[in-house]
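Enquirer: Sequence:
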Amino acid sequence: MNEQGASVELYIYDLTKGLASLLSPAILGRQIEGVWHTAVVVYQTEYFFGAGGITNCTPGSTQLGAPYRVERLGETFVPYQMFLEYIHALGTTTYTPSSYNLLEHNCNHFSEEVAQFLCGAHIPKHIVAQPEELLPSAHSALQGLLDSMLPRQQTVYTNGGLRHNRQDSPDYLTLNTQIEEARVASQELDARRSSLAEKLARKQRRRDKRRRKLRDAGDSEPDDMAEAVEAVPSAGEELSRAGPSSAALALDADERRQDELRKRERDPPIVYTDIDGMQEFEKLSKALEGMELTAEERQSVDELQQYLVQGEGSWVLGDDFLAFVGRLLAGGSEAVRVALLRCLAAAALRDDVSLVLHQDRRHHALLNYAHSVDTLSAPEQHALALFMCNLFENISSSEWLLYISEWDHNGQPLSNIRATTKVCVHCTLSSDLELRELGTALMHNVATKEVKTVVCIAFCVLVLPAATLAVREHCKPHVTSIALNLLR
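Residues in the sequence shown are numbered consecutively from 25, following the numbering used here.
No wet-lab data here; the hints were simulated from the structure.
Please note that a few of the clues may not be correct.
[Unchecked claim] Lysine-lysine pairs mimicking DSS-like chemistry, simulated, CA-CA at most 27 Å apart: (1) K233 - K223; (2) K473 - K446; (3) K149 - K227; (4) K227 - K237; (5) K237 - K223; (6) K473 - K223.
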């Protein structure tokens, strides 16, 4: 997991290049500063939504030129591979080419949603609300103004430059999009192969160097020469130090994923796959029968059924789903909370659940609730520990539990890893056998992950007193074993 976050910036462009400020008094009856187009820049790539769908390019390389203004939104700890999966999901659901509308569903709505996902930030409100502030009659006037200034031929920006699409041929547009995607994918694959080949070549040179040392053990001069040659960096290595490209980031993400998979084969996580999502949803529905729900909350229940029972993707869960979950955890009955947590435990086994978890950056409902584990009833503690154990079924969701970025909760700093640690320790030290087993399983899962050294130390500080007690009382040897594994 990355110890440092990636910078997230908002590029703001004026589509009218200053004409809106000059002509708006005559057309709209009042002056506006500009008509804004925005893009999110992260991982050294600019992402935006247009008539061709979601596209990306080198920052500032569109025909709009340099941005009118650049605003820093914050930092993200979302893994690069997960971000790509998220963008792909948006591009096939809510941000398809056919859904684009210049005034009602545009690049600014896309930037707002992506900014929320990456770092919980908002783009300036006046940019998102600009179409709503215009009078209905001004909509058509402004639309006509933009149509007269913008070329009739749509332009889509990609990593390779410009690509033109005919408005009157959707099939042609779709075909060109697929061809461009295949070309970009091929370029990324070539870059990955080139990087791997370079790494293999360096390894081979090191092996040859060691062989020469063994063969010429009595002669140090060749070794010194070899070391001198080895120490001279190549031009490619110097360029690589200037900063990671998208291809390099993708390669690093893929390598980390492969390392993680190898670790999982060696030390598989402990998860509970015998939980039945359909049965758990039926229990939740029954528990909700006596609870008054709004229309939006009933919609969230229907969305959960589609996801958990009917097997639909995470895209069916709306933006208000986690707010609904937070309300049930904060104000529902114990039976409702337990049933909901068990539904989430079943959902945690899905490989796309991480996309849902990252929407909790605004409210932190799940982990604020988890941090209060010591105040919960025994059934809730069981269900919560089960949910967190099952999140280790997939790499992306397990990494979410270990994020270190903090927020304020009741006047105290709180983070994902802090809440996870508290649940681990509380459950492991419980006198309840079943809860202790769940806590031990969760602690084992955390111990198999790579975390920052400071996090590991804090984790062990909490566990070692229990290990000492275990040695004295001979009652909790599993705690000692886990603590020793953490310290290795």
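Enquirer: When the structure is checked against the list of hints, which entries are broken? Sort them ascending.
Expert: 3
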